[in-house]
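Asker: These protein sequence lines map, in sequence, to chains D and L. Oh and the first sequence: position 180 is 180 in my numbering, straight run, nothing missing. Oh and the second sequence: position 69 is 69 in my numbering, straight run, nothing missing.
Mixed in with the good hints, there may be bad ones.
[Claimed, not checked] The following label-pair restraints were derived from C-beta to C-beta distances: (1) 484(D) x 203(L): 50 to 60 Å; (2) 203(D) x 459(L): 52 to 62 Å; (3) 466(D) x 361(L): 29 to 39 Å; (4) 263(L) x 276(D): 40 to 50 Å; (5) 200(D) x 190(L): 46 to 56 Å.
[Stated by the list, open to error] Negatives, chain D to chain L, calculated, CB over 12 Å: (6) 61; (7) 66; (8) 67; (9) 77; (10) 105; (11) 116; (12) 439; (13) 449; (14) 463.
Since the hints were derived computationally from the structure, they do not count as laboratory data. In this text the structure is predicted, and so the values were computed from the model without any measurement. Note that the Cβ used here is the ideal one computed from N, Cα and C, for glycine as well.
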Amino acid sequence: MNFPILSSLILLPAIGALFIFFVRSSNSQYQSSKYVALFITLANFLLSLYLWIVFDKSIVDFQFVEEREWISGFINYKVGVDGISILFILLTTFITPICVITVNATIKNRLKDFLIAILILETFMIGVFCSLDLVVFYLFFEAGLIPMFLIIGIWGGERRVYSAFKFFLYTLLGSVLMLVAIISIYWITGTTDVIKLYELGIDVKYQNLLWLAFFSSFAVKTPMWPVHTWLPDAHVEAPTAGSVLLAAILLKMAGYGFIRFSLGLFPDASLYFVPLVYTLSLIAIIYTSLVALMQEDMKKLIAYSSVAHMGFVTLGIFTMTQQGIEGSIFQMISHGLVSAALFLCVGVVYDRLHTRLINRYGGLVSIMPKYAIVFMVFTLGALGLPGTSGFIGEFLVLMGAFKKNILVATIASLGVILGAAYMLWLYKRIIFGKLINEDVKKMVDLKRFEIVTLWLLVLPIIFFGFYPEPLINSIEVSVANMIDMNDLDKINKLALGD
Amino acid sequence: MENLQLIIPELFISIMIMFLLIFGVFKKNSSQLVYNLTTVSLVAALALIINLDAQIQSSLFNNSYNIDSLARFMKILLILSGIFVMLSSSKYIQISKISKIEYPILILCSILGMMVMISSNDLIVFYMGLELQSLALYVLASFNRDNLLSTESGLKYFVLSALSSGLLLYGCSLIYGFSETTNFNQIMVNTKEIEYGLTFGIVFILVGLAFKISAVPFHMWAPDVYQGSPTSVTVFFALLPKIAALTVFIRFLYIPFYELDDQWQMIIIFLSIASMVFGAVAAIGQKNLKRLIAYSSISHMGYALAGLSTGTTQGVQSSITYITIYLVMNLAFFSCLFMLKRNDEYYENIDDLSGLSKNHPLLSLSLLVVLFSLAGIPPLAGFFAKFYIFVAVINEKMYFLAIVGLLATVIAAFYYLRIIKIIYFDPEKEKFESKHNLGLKFTLVASTFFILAYFIYPSGIVDIISQININ
Numbered sequence: 001m002n003f004p005i006l007s008s009l010i011l012l013p014a015i016g017a018l019f020i021f022f023v024r025s026s027n028s029q030y031q032s033s034k035y036v037a038l039f040i041t042l043a044n045f046l047l048s049l050y051l052w053i054v055f056d057k058s059i060v061d062f063q064f065v066e067e068r069e070w071i072s073g074f075i076n077y078k079v080g081v082d083g084i085s086i087l088f089i090l091l092t093t094f095i096t097p098i099c100v101i102t103v104n105a106t107i108k109n110r111l112k113d114f115l116i117a118i119l120i121l122e123t124f125m126i127g128v129f130c131s132l133d134l135v136v137f138y139l140f141f142e143a144g145l146i147p148m149f150l151i152i153g154i155w156g157g158e159r160r161v162y163s164a165f166k167f168f169l170y171t172l173l174g175s176v177l178m179l180v181a182i183i184s185i186y187w188i189t190g191t192t193d194v195i196k197l198y199e200l201g202i203d204v205k206y207q208n209l210l211w212l213a214f215f216s217s218f219a220v221k222t223p224m225w226p227v228h229t230w231l232p233d234a235h236v237e238a239p240t241a242g243s244v245l246l247a248a249i250l251l252k253m254a255g256y257g258f259i260r261f262s263l264g265l266f267p268d269a270s271l272y273f274v275p276l277v278y279t280l281s282l283i284a285i286i287y288t289s290l291v292a293l294m295q296e297d298m299k300k301l302i303a304y305s306s307v308a309h310m311g312f313v314t315l316g317i318f319t320m321t322q323q324g325i326e327g328s329i330f331q332m333i334s335h336g337l338v339s340a341a342l343f344l345c346v347g348v349v350y351d352r353l354h355t356r357l358i359n360r361y362g363g364l365v366s367i368m369p370k371y372a373i374v375f376m377v378f379t380l381g382a383l384g385l386p387g388t389s390g391f392i393g394e395f396l397v398l399m400g401a402f403k404k405n406i407l408v409a410t411i412a413s414l415g416v417i418l419g420a421a422y423m424l425w426l427y428k429r430i431i432f433g434k435l436i437n438e439d440v441k442k443m444v445d446l447k448r449f450e451i452v453t454l455w456l457l458v459l460p461i462i463f464f465g466f467y468p469e470p471l472i473n474s475i476e477v478s479v480a481n482m483i484d485m486n487d488l489d490k491i492n493k494l495a496l497g498d
Numbered sequence: 001m002e003n004l005q006l007i008i009p010e011l012f013i014s015i016m017i018m019f020l021l022i023f024g025v026f027k028k029n030s031s032q033l034v035y036n037l038t039t040v041s042l043v044a045a046l047a048l049i050i051n052l053d054a055q056i057q058s059s060l061f062n063n064s065y066n067i068d069s070l071a072r073f074m075k076i077l078l079i080l081s082g083i084f085v086m087l088s089s090s091k092y093i094q095i096s097k098i099s100k101i102e103y104p105i106l107i108l109c110s111i112l113g114m115m116v117m118i119s120s121n122d123l124i125v126f127y128m129g130l131e132l133q134s135l136a137l138y139v140l141a142s143f144n145r146d147n148l149l150s151t152e153s154g155l156k157y158f159v160l161s162a163l164s165s166g167l168l169l170y171g172c173s174l175i176y177g178f179s180e181t182t183n184f185n186q187i188m189v190n191t192k193e194i195e196y197g198l199t200f201g202i203v204f205i206l207v208g209l210a211f212k213i214s215a216v217p218f219h220m221w222a223p224d225v226y227q228g229s230p231t232s233v234t235v236f237f238a239l240l241p242k243i244a245a246l247t248v249f250i251r252f253l254y255i256p257f258y259e260l261d262d263q264w265q266m267i268i269i270f271l272s273i274a275s276m277v278f279g280a281v282a283a284i285g286q287k288n289l290k291r292l293i294a295y296s297s298i299s300h301m302g303y304a305l306a307g308l309s310t311g312t313t314q315g316v317q318s319s320i321t322y323i324t325i326y327l328v329m330n331l332a333f334f335s336c337l338f339m340l341k342r343n344d345e346y347y348e349n350i351d352d353l354s355g356l357s358k359n360h361p362l363l364s365l366s367l368l369v370v371l372f373s374l375a376g377i378p379p380l381a382g383f384f385a386k387f388y389i390f391v392a393v394i395n396e397k398m399y400f401l402a403i404v405g406l407l408a409t410v411i412a413a414f415y416y417l418r419i420i421k422i423i424y425f426d427p428e429k430e431k432f433e434s435k436h437n438l439g440l441k442f443t444l445v446a447s448t449f450f451i452l453a454y455f456i457y458p459s460g461i462v463d464i465i466s467q468i469n470i471n
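Chain L with its partners taken away, still in its complex shape (with noise of 0.2 Å):
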């Protein structure tokens, strides 16, 4: 019993969960209010995680779950993302018409299930967190029922979704064959000499995650879903799913498969130079800006992914540091995005942008800090992120993958230059709705400025990042 205590944040969760969906479906007209509640408890979420030692190294139900140092920091990243992404959120969901009591509490129980995926050390714990997260995820995405691509696009993510589940399920089933055992550490205990069946469970499993976080060649579903979801929906695609799935490639591939790295390594960086670089190119001739940071993300992921597929702790470290600074990069865009409204109605447009440094000077200032920053132009962020990510493969030796990733960067520069072109050199349209909800205005200014001032003082997050175990 005494283990429990380290589950609170989950336990909390899980009762507010019951307690806001009855809770709601006693009083009328609650929705705003459960909304605000769901924040709320993520706050106390927060809070109880961030209690929690920051060293710990404990794992529970016989073995199956970790509560460790880097499920401790990702909870608190996959948190605060929630919160900043409920809080810039809250007024374009009014304004959409989605404003039901279901998706505060949606939200919450796809939280739930990849904080379930973090601490997961067990395949069947890992698959039932990620199914409950996925779950919930196929319900958002089309929660804007009558909307024609919202549907669309719910349908697609389940279909495509579904497939992966079932790639990543039937690879679960041939390592435990394998290796007689469905826990991490065993896994790696029992699977010392290389079978083909294990292999093939291997890159079932890759090729199941590398879906979940959007990598090329399994990256299909993401522009569509992206621009298909309300934009609400699509912030909490862009973050947080990521997140959860970054950190299970990690455990994957630092605990059971740790042995077997050089059956994996080419085909990380294989998902890593084809994310990298597809991501770029396939992104210049969008329109529409949602399905544009699909794009990007795609490539940002291969950038992630990099990182990983050096096979050391340096390398996972400049990952978890690429992710942070990511989150932080997204939040801004979308919060920007958020901020294009005229007589309710929300702009998604690229064209939508044009002239906008006219009417709205610091707008477009913060969408110039992260455009470059997502260019990964120095000082700002972005760049700090590639820079360790390019250490650690630097270090390893893989100049290939270093050289391509690069070039890649110089590509990318330039849709989103593009977009900096359209804003601050073309002729003015309308203006947009200047008042905005305090939420959405504190996520905009809090994230600009991270991006902004982290060349200040960049240890900060690599010291905490540092002190992250790995094994």
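Bound conformation, chain D alone (with noise of 0.2 Å):
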């Protein structure tokens, strides 16, 4: 395989961001820009595609490898996908398309560089999931708060600069400790070169304290509680396709982080740490289900409800076992469906009405039909209803958790329970109930492009919620393979006293 397939995955976007870039400015031309934009995210997507069906699912190793020389016998450029990275770069691509198209309804001015904002990010984000060298990683990592920070500020809400310098810098805060851990990696093991670091493998009197700068990074990025609070405020003042982003991707690569490099360059310290997690975990699961029982905000609830919903990834992937990390990962991918779809839908009728809280709606089933059956099917996506996606993610981390630790499974069950609560009575307060607002009765039922947009999401969210076995069997061998690599079976047996 010579064509650098991952290499172009990555730079497309960025070229079609130059090209828009270029391209001179004036009202006509907004149209022309915003249908290179979508071309060339789409074309990302087919690409993507390809590489999925060419991607070899029954082998272990890393597949594509690319490498470069980069900074001269320090670092090299090194790309590749396993089934578990090439999952999240479908994700990526998919999403990225349709926060093109819905730009038509949020993005009131300077659209150009929005889309342009938008391309460079996706570029960054496809890096985060194929880099194999832990310097080019972070690069991607941090690159990525750039075009993020200028999305919420610029096309954001009212507190839009509030919340953009607290997205900057909790995360630049919670990253600059990963740094001194990657250098700290290199002087003790000589290479940056993840392939490399999981057959050398890491001391174990390191482990603790690097495991811990990673953890420090992910922890805010996932986002974890008590670091989550940067979350809502960037959720609720970002504009529609920049929640989108940040909820379906960029919270992702937080999860990836936590599966590629926490479990599997520091697993003895993973282990170390298991309690930790399952604590902070916990806490996400039932504290924030219950922070967003009592929103007024519907931007806010689904944000809250994402801090829950992550809390079962982090629960899953560090029960170490087969299903839970599976169970995470499947979950991150539904997440990304669902939570991508919530946020189109309260775009919806933020555009309609320009205000978010809930108690303004009321009586929506009436007037807009075709908007309470898809929201009806997100609603119960992310409660996990048996046939969406959401239902496997969780059942799987339940699975995985049961077979750890009974407690730890039971109080996390009780967050599905809290789940159902808060995301049916958002419907109800939406969706039916009394049509009181006279404002509300002016609302149009969806447009064609929001038919689009939001039916994209409804036939994955329901084809994988009764079809896993295309995913799963993506990530069965990598996972697998993690497993046996890093002993994560032995070491378990032992802490268990078997």
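Reassemble the complex: the two chains are provided individually, in unrelated frames, and hints are given to aid placement.
Answerer: See below:
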């Protein structure tokens, strides 16, 4: 395979952004730059789909590996995919075109700049999921802050400045320690190449501190309780497309990082810190669910539900069982689709009524029946009804958790109930209830492009809910290999005293 | 006589200074011409230096003047920055009515002084170079003599700088007293044993040098001088003296005091941490861009010192890389500053940038790139600069320094973000002029491109710098 397919995936959006940048801006060309962006992102999606088809799911090794000298004698630019990362790439390339479609309604000014920001962000996001070198990973991971900061700050709501700053500084503060850890790894082992590091392993005596440094970055990004407070602010103020990208993909970088780096590089430390992660995850699941119940702002509610869902993800990863990790990955993909869809749904009504307060709505079912249907699918997906993708993820995570610790699993199961509570209550208050607000009566049902985007998200949510095989199939070998390679099972047994 | 070939660039600049001085006096209204001739002679001097053998290693005048790869690289850096400063500020000095023949000649004088500093291998030669550059800089700082702030800044710089030179000289005399020589290499040979007087000498010299690169706690002059001087002089202050002072730092620490690293390491670490943290915190409340960049450069010097404090070749190389990238970033920043002009008046307050992105998208984009790079966000050049420093620092297991440094970048990120916020998020103000002279545009485009595209081929500069011989 000589064609550098991964590098093309990474570079294509950036080239598109450059192209849009150099096209002269006048009002008539605003449309054309939108089509360019749509074309580029769709092409990228097709390319990643092709990648998924030719990807050999039965091989444990990284595939499509490209390696080039970058900083001579020090760091190589190295990218490659395994069964886990390929799903996240697909998710990224699938969500981005949807974001591009939504700009029509949501972005009123400086459309061109917005498209450039989204395309650049896509480049960085794909880069994160492909990179097989710690420094390259860090580079992409951090670089994503710049476009996201601008997206929130320029096109955001009223408190956008505060939110953009909070988002940027929180995540930056979290990740600087990771940089120290990465450089330390280089001096301890002599390489930052992930594949080599998997083979070499890292001395147990260093693992705990390094794990904590990585954890500080991923915990902020996930976000885990108690460093989650940037997320509701960022979500509330970001424009719809920004919220979608943030919830669907940026949060997944951390979950991916936990699997790839925390488990992969520091298995002993991961085991050591399992109680910490369990505790934080459970608090996230229960506490943020309760907080979500009390929210009056739709976006805030969904943001808190994201924290709770990501709590399931971290919980699943650190069960260190096949089911738990697979469930976490599945949950991330599913949450990527569902939360993206929910934010789009909020965007739809926000564009019409210009408020996100739940009590301003009510009785939408008679005014916007089409909207009520799709919103219901997403609500059910979010609360994990069997038959939607959300169920599979939560179910597998809980299965893994029951295998390890019944108390933890029981508490986490309570979270599922709470999840159902706040989602159904949200649905009830918006869609059903009495039509009080006069303005609501004037709202029109879904427009064509909204139908397209939302149904595009309905399909995979239901499809993977009934037939999760393609996704599970893709990750199975890689996850099993991860567990084998690091003797996670053996470590587990020792810890359990078998 | 054969050795004189090696100092042809210095000789050339000296001759040009004298020639231009006479020429300028005899030819009326020749300030613009002299300015251009100065730029040309800098280009010629650059060619002469590049012409030297890259791996050259020889010392002249009884081993008091070093022409080596370090000197060659730093001089190239120095003169290149000088050329770009001249190119970018030509319009500014005309409009600010400071276009006199003395201006470019003083700049040449101070560049000559810096070249002597860079090559010096002897306390006396070093001091001579230092004074030549400082005296020229005092005058330059107060060049806009009708402006109260400018005069004040010149005076302030003069008084404080004279004080630091005094300390430095006292340190030199102590070193001389305890080592019986002024030659750097001889000092190293003669100071195997540590004596109190020697330690005092080292401390005094380091204090003097710290003053020159405005490291905390010897930074007090920097904000006032940066703000008060004409912007064309501020950019000069922000770039060239730092190169010379850093080179002298390297020379002192790695030749005469190399064996005494346990004496100076703690001092450098302290200077470094104090500068990084203070520079980051103090810049938060600033309203004037020049003052802000003064604090920012204090902070940046902290990082450069962090590299030096490791006491390894790798550390020195990372510092040199840092200063190189720092120069480009500051050059780009000041080029943007030169573009904030409306009706023959330059604007330098942060609020003047409000909503700049709507009227001047390209200028704002450059500022965005520069500011994120100054904040050290990947994939811009500023990130790599910090990255190399931390690689060197962590290799020496100085985790505390690394973590403090990285936390300081987060604090510093705040005020860079604040400027970006004002440019991109705030409501727009009146338009600035969009016509600029070619030199300024070229400087901005070249430096921004360097910052933006550095990640594509980061090895280039590192390879060149790794060729430099320190000892």
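Asker: So, against the hints stated earlier in the document, which numbers end up violated here?
Answerer: 2, 3, 9 and 11
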